[in-house]
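Top to bottom, those sequences are chains A, B and C. Heads up: the first sequence begins at 1 in the UniProt record's numbering, then just goes up one per residue. Heads up: the second sequence begins at 1 in the UniProt record's numbering, then just goes up one per residue. Heads up: the third sequence begins at 1 in the UniProt record's numbering, then just goes up one per residue.
Fair warning: there could be bad hints in the mix.
Partial chain C-side listing against chain B, Cβ under 7 Å, derived [stated by the list, open to error]:
#, residue
1, L48
2, G49
3, D51
4, A66
5, P71
6, L72
7, A77
8, L79
9, H85
10, R88
11, W96
12, R99
13, A100
Here are some chain A residues the structure puts well away from chain B; computed CB gaps all over 12 Å [claimed, not checked]:
#, residue
14, M1
15, R2
16, S9
17, I121
18, E143
19, H227
20, F230
21, L234
22, V240
23, F244
24, A247
25, H252
I should point out that these hints are in silico values taken from the structure, not numbers from a laboratory. Using N, Cα and C, we set each Cβ at its ideal position, and we do this for glycine too.
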Amino acid sequence: MRAFNAELSKLFSLPGIWLAFLIGAFAPAVITALDSIVQKEEIIAGVSTRLSEVGYIGLALGVQGVIILGVLAVSSEYLTESSESGGGAQITTSLTAVASRLHFLLAKAGAVTVISILLCIVAIMTTVSTTYLILGEYTPAFEWSRLIGAVCYWTFTALLALGITLLTKNGIIPLAVLMINSSVVSFSVLLYKVTKLALYLPDRAGLEMFMFTSDTPFTGSLFDRFHNPFTGGLIMFTWVVVIFIIAAIVFHRRDVAA
Amino acid sequence: MSVSSSRKIMQIFGAELDKLITLPLIWLTLMSTFILNLALAAAFTSAGLQGTAGTQSILNIGLASMGYLQAGFIILGILATCSEYTGGQIRTTLTTIPWRGLQLSTKHLALAMITIPVAFIIAASGVLYTFIMIRDTAVVIEIDTIITTLIGATGYLTLTTLLSAAIGALLRRTTPALVVLLGYYFIVSPLMRIFLPGINKYLNYFPDTAGNYMYMPRSPDDINVLTPMQGTGISMLWTLMFITVAIVFYCKRDA
Amino acid sequence: MLTMNNLVKHRGNQEILSGISFRARPGRVTGFLGPNGAGKSSTLRILLGLDRATSGSALINGKTFAELHNPLATVGAALDGFGAHRMRTGRAHLRWIARAAGLSNSRVEEVLKIVGLTNAADKRVGKYSLGMGRRLGMAAALLGDPKILILDEPVNGLDPEGIRWIRTFLRERAQSGNTVLLSSHLMGELAETVDDVVIIKHGTIVADGTLEEVIGNHSTLEKAFFALTSEHAGEVV
Chain A
1 MRAFNAELSK
11 LFSLPGIWLA
21 FLIGAFAPAV
31 ITALDSIVQK
41 EEIIAGVSTR
51 LSEVGYIGLA
61 LGVQGVIILG
71 VLAVSSEYLT
81 ESSESGGGAQ
91 ITTSLTAVAS
101 RLHFLLAKAG
111 AVTVISILLC
121 IVAIMTTVST
131 TYLILGEYTP
141 AFEWSRLIGA
151 VCYWTFTALL
161 ALGITLLTKN
171 GIIPLAVLMI
181 NSSVVSFSVL
191 LYKVTKLALY
201 LPDRAGLEMF
211 MFTSDTPFTG
221 SLFDRFHNPF
231 TGGLIMFTWV
241 VVIFIIAAIV
251 FHRRDVAA
Chain B
1 MSVSSSRKIM
11 QIFGAELDKL
21 ITLPLIWLTL
31 MSTFILNLAL
41 AAAFTSAGLQ
51 GTAGTQSILN
61 IGLASMGYLQ
71 AGFIILGILA
81 TCSEYTGGQI
91 RTTLTTIPWR
101 GLQLSTKHLA
111 LAMITIPVAF
121 IIAASGVLYT
131 FIMIRDTAVV
141 IEIDTIITTL
151 IGATGYLTLT
161 TLLSAAIGAL
171 LRRTTPALVV
181 LLGYYFIVSP
191 LMRIFLPGIN
201 KYLNYFPDTA
211 GNYMYMPRSP
221 DDINVLTPMQ
231 GTGISMLWTL
241 MFITVAIVFY
251 CKRDA
Chain C
1 MLTMNNLVKH
11 RGNQEILSGI
21 SFRARPGRVT
31 GFLGPNGAGK
41 SSTLRILLGL
51 DRATSGSALI
61 NGKTFAELHN
71 PLATVGAALD
81 GFGAHRMRTG
91 RAHLRWIARA
101 AGLSNSRVEE
111 VLKIVGLTNA
121 ADKRVGKYSL
131 GMGRRLGMAA
141 ALLGDPKILI
151 LDEPVNGLDP
161 EGIRWIRTFL
171 RERAQSGNTV
181 LLSSHLMGEL
191 AETVDDVVII
201 KHGTIVADGT
211 LEEVIGNHST
221 LEKAFFALTS
231 EHAGEVV
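Make the full structure from the sequences, and use the hints.
Set out below in structure tokens:
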């Protein structure tokens, strides 16, 4: 528990974390606002084909905040970009303060999980209120099950970011890969054209927890429902667990200085 | 005097080039970009082969990966300038070369020197791969068209790299620079294009969209398009503007 | 000759330096002393053109650092930290500096030998120990064979052998007419190396003179230092 508290205070004292909070709390709302404004007329006329995704699209495309969170949580331990003295990596201090590497890892993952859940709740609040503000009485009802799916998606994404960064020790690669993959030009979309296995990629499967409700008109396209929300979540969770186990083994064996 | 100062510029240029070449991260980025680009070209080609045969343009497919490819060059640009701030190297740089404006402009020049050939090779490799894979079904394209398009693509990637370097120099930290640039190129810009079709005309004046016209094959029925030259001009203007802003800040603030 | 004229530096609302004036003369080793956070590094950073003074000037032979025609051959500086990217090798680091000043690669090998890093030259800077990092910094400072040396905590992290080497090396440099300015908080070490002493406290100079003048009636430099810098003068003596 003490290690967990230490991880929380470490995270909150990072300057970059405020960027993550800012993006996490407002990016989904902004995306939702744009989407709602564009669709407003269709929704009022009752001809919108994407009514079920209003609001959720913001939560799907606005996960950058937690990606930054997960990456920073690890990369800040290794990277020192200071104009003052030559870099002493914080990881050395961290691992002398918490001797067990597994505890250290669990504490970090715990801290990231808690912050992601809170951040997602904030994001849901801003997103839902934005939707109401723009669509008024035409706002579709937000179902609890899907909102919980969104929270899971955010948390798993943050943990994936954390696990990958632990393997690379450098924030650039995970940040680039995950940010691009969370965008509309995601790698998963491209890979889907090559192989149907792309449906089992973590982001695509995870999105099933709250996106792609059954009656989409693009039949046969990537945007169809392939798994049910529970299976989708399970697939993404498996990814998180596998990456974490690999990261934990590598982290356990590695010399700190290496 | 002018002889010695031009020699001095050559020396600084050499030093900046040395700095970039001896940084393993730069090589790592370029190699992974190259490999990733071939993988993407393979994916696009195989996706293209499943489509209607005979109507495929090698250039369209070969350059389809450009959207992803630019990420590698954004990282390259950021690394080039932000690496100065690792381990306090900036202090050594500025005590060796105290003329800050000159130093930062030379760094951009050195970066361009590295980027231009690499960008050309990477872009060409994607097109070449596509050519080899689908030459039987594809529409034949004249060699001039291929070369002009590849030059345009090289120019676009180089300008993107320099722009990223300028943003990196402004922000001085890798993570925020990466978030800002990737956020703009991969999230904000595509979303604007989808959600706000009304402003597409103005999007042409943004660095990425304008730059796209440098290599994208033009469809004659679209009225909003720019010519490759216009696209190059706008893109270049943005890049120069950001470099200037970066230099002004660099000269004014404490290192 | 290094000349500080009434240097003032504000950072935010804080006044870090409030009117620093002193000189470092050729042929002498000048020690720049003060507690942590007194403004030693800020003064050196302004002198090297890294930071800008709010008012006042810091001149090297009558010119600011940026006006120097060939900075590396005029001033050699080693501030704290390694001053090198962690991923580069020591040799590559020195080579780009040499390239910028138009020096040959053989000069790089010479300075590597002087500071005793030849065997570690192909290791990444990130793998260097603190002492090796300091040696790399010294090597960079010596590349241009400058007449003036500015060193921030040069003995910090060095082993006893390295400390002795620095001491004799700096004495030799000064005796052949060069200017050496070094900051430190190791009194015993400093007393054996320096000719002149400048003591700074809270951004103001509290003592400036030859070693004998500053020690005055106190028995050692350390006692004089505490007498001058402790909050209630004389208490710690």
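Requested in this report: Closer than 7 Å between Cβ atoms is the bar; does A100 of chain C clear it against chain B? Give me holds or violated.
Outcome: Interface hint status for A100 of chain C: holds (3 Å vs cutoff 7 Å).
Query - Given as non-interface: H227 of chain A, which should sit over 12 Å from chain B by C-beta - result: holds, 23 Å
Requested in this report: Under 7 Å, Cβ to Cβ, is where A77 of chain C needs to be relative to chain B, so tell me if that hint holds or is violated.
Outcome: This interface hint holds because 5 Å falls under the 7 Å limit.
Query raised in the report: Can we confirm that no CB of chain B comes within 12 Å of the CB of L234 of chain A?
Result: holds, 27 Å
Query raised in the report: Does the claim that H252 of chain A lies outside the interface with chain B hold up, using a Cβ gap greater than 12 Å?
Result: holds, 25 Å
Requested in this report: For the hint on L48 of chain C, just tell me whether its beta-carbon gets within less than 7 Å of chain B.
Outcome: holds, 5 Å
Query raised in the report: With a cut-off of 7 Å, does the beta carbon of W96 of chain C approach a beta carbon of chain B closely enough for the hint to hold?
Result: holds, 4 Å
Query raised in the report: Once the closest CB in chain B is found, is it more than 12 Å from R2 of chain A?
Result: holds, 28 Å
Query - chain B versus A247 of chain A - minimum CB to CB distance exceeding 12 Å, so not interface - result: Check passes; 20 Å lies beyond 12 Å.
Query raised in the report: So is E143 of chain A really clear of chain B, every C-beta pair being over 12 Å apart?
Result: holds, 24 Å
Query raised in the report: Does the CB of R99 of chain C sit less than 7 Å away from some CB of chain B?
Result: With a minimum Cβ separation of about 4 Å from chain B (threshold 7 Å), the hint on R99 of chain C holds.
Report task. Closer than 7 Å between Cβ atoms is the bar; does D51 of chain C clear it against chain B? Give me holds or violated. Result -> holds, 4 Å
Hint compliance for this structure: no hint is broken.
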